[in-house]
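Chains as they are written, first to last, in my numbering: chain Z, 74 to 188; chain U, 124 to 235.
The hints are simulated quantities; they were obtained by calculation from the structure and are not laboratory data. Just so we're clear, the structure is a prediction, and the values are computed from it rather than from any experiment. Don't take each hint at face value.
No farther apart than 25 Å at their CA atoms in a straight line, the calculated lysine to any residue pairs in the SDA-like style are these [claimed, not checked]: (1) Lys160/U <-> Pro143/Z; (2) Lys128/U <-> Asn103/Z; (3) Lys97/Z <-> Pro163/U; (4) Lys160/U <-> Ser216/U; (5) Lys160/U <-> Asn103/Z.
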Amino acid sequence: DAGVIQSPRHEVTEMGQEVTLRCKPISGHNSLFWYRQTMMRGLELLIYFNNNVPIDDSGMPEDRFSAKMPNASFSTLKIQPSEPRDSAVYFCASSPRDRGGDGYTFGSGTRLTVV
Amino acid sequence: DQQVKQNSPSLSVQEGRISILNCDYTNSMFDYFLWYKKYPAEGPTFLISISSIKDKNEDGRFTVFLNKSAKHLSLHIVPSQPGDSAVYFCAASVGAGNMLTFGGGTRLMVKP
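Given the sequences, and given the hints that come with them, work out the whole structure.
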């Protein structure tokens, strides 16, 4: 089991550009979460999916952020247009539907820098 | 409005001594609490959890204490080892099967 796979590991982009972060959850996990880590706010939940359906996107900061899960093995988080304040580490996590927080498996994260 | 708070951004402890990491929460609906550990360039990994029906859970060198009346939990690591140096996140959920709300993290440094 390769775990949760995120790509790219690092992304540097210019303000105004579109950024797409990718996540492949663990096979068989029904829930997928996108988190953002910043110095000021720690780990913030942006959005989560159950069985590919977005359940709660109240953490998405604004309309520039969007997330999709077209199938059980792939999800994207898109920022368009990107701004310097979006610079952070973005984590994807997956979990079996019937497990609690101890069932979360996180990816290694994507470090985004917007200049 | 952060519902889970870790007020100490960092903690330094000597090897062999006890490390105590603290966490406070405001949402009285939270009934399941966890600690995650994060090394640089890696994602957080689950460490230990506790349900609100208990006030203590122990796993080897790690013990989590829950004080529901104070809405406070703590993680004790004894004895501390240099390999414990990491960022520790406190997390909480309403129900064990639901989404987690994390605190801001505490960076623990264990000095040899």
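Query raised in the report: Is Lys160/U close enough to Ser216/U, meaning Cα to Cα at most 25 Å?
Result: Judged against 25 Å, a Cα distance of about 17 Å means the pair holds.
Query raised in the report: Within a Cα-Cα threshold of 25 Å, do Lys128/U and Asn103/Z meet the stated pairing?
Result: violated (28 Å)
Report task. Take a quick look at whether Lys97/Z and Pro163/U sit within 25 Å of each other, Cα to Cα. Result -> holds (21 Å)
Query - Straight-line alpha-carbon gap Lys160/U to Pro143/Z, limit 25 Å - result: At roughly 31 Å apart (the allowed maximum being 25 Å), Pro143/Z and Lys160/U break the hint.
Query raised in the report: Going straight from one Cα to the other, do Lys160/U and Asn103/Z come out at no more than 25 Å?
Result: Roughly 23 Å separates the two Cα atoms, so the pair holds.
Violated hints, in rising order: 1 and 2; the structure is consistent with all others.
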